[in-house]
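*Asks:* The task is simple: from the sequences and hints, build the whole structure.
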Amino acid sequence: GAGVSQSPRYKVAKRGQDVALRCDPISGHVSLFWYQQALGQGPEFLTYFQNEAQLDKSGLPSDRFFAERPEGSVSTLKIQRTQQEDSAVYLCASSLARTSGSQKTQYFGPGTRLLVL
Amino acid sequence: TQLLEQSPQFLSIQEGENLTVYCNSSSVFSSLQWYRQEPGEGPVLLVTVVTGGEVKKLKRLTFQFGDARKDSSLHITAAQPGDTGLYLCAGGSQGNLIFGKGTKLSVKP
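Protein chains in written order, with the working numbering: chain A, 1 to 117; chain B, 1001 to 1109.
It should be emphasised that the hints constitute simulated quantities derived from the structure, not laboratory data. Take every hint as true, because none was put in to throw you off.
Subject to a maximum C-alpha distance of 25 Å in a straight line, what follows is the list of computed DMTMM-like cross-link-like pairs (lysine to aspartate or glutamate): (1) A:K104 with B:E1041; (2) B:K1101 with A:D56; (3) A:K104 with B:E1005; (4) A:K104 with B:D1071; (5) B:K1101 with A:E85; (6) B:K1101 with A:E44; (7) B:K1070 with A:E44; (8) A:K78 with B:E1041; (9) B:K1104 with A:E85; (10) A:K104 with B:E1054; (11) A:K104 with B:E1038; (12) B:K1104 with A:E44; (13) A:K104 with B:D1067; (14) B:K1101 with B:E1054; (15) A:K11 with B:E1038.
*Replies:* Right, dumping it as structure tokens:
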């Protein structure tokens, strides 16, 4: 389809393992966002890319979290040495632009549900 | 810190009833958005309100933005089981979205 896709949809990791979550944004979308959604909560902002540049990473909870978008399209969120508190749904969203009227509408992927045991 | 508080947190009603969900903040937002999220899916945008006092209608859903642009409400008329889901409000902040915790709505047939 033409929407935002994420993989894997589900990931179970043992505490201490590294994980990599992938996001394929809508083709042509300049802006890409990562959010973390804990159970029973609303999504919380993690980081933002404009093309390949990571312009805002203020929401990343620790230095174990790292995101990249090397060619300005696909993005990967990596979590090193996972902890139980990292268990959540990780949502990716993309938009045509960040601040320009209707072009800033964010379209969300289905998320990756991460469970750290 | 900008926060959005939603109420109620949970709502269980019978088909045909009306309901209102509230989204409140102490901060002014340039725009507020309402999303609906179903289990296993990402949030889907329902509406964006920009002007204080603005009212938008989407079939049986009516959205209102407060005059001071600090609060918003979502009213559903004659709720149907298909309306079941998590309703999230989100405020624009420098391009990022700040979400409320959501209202989990269950409409029983």
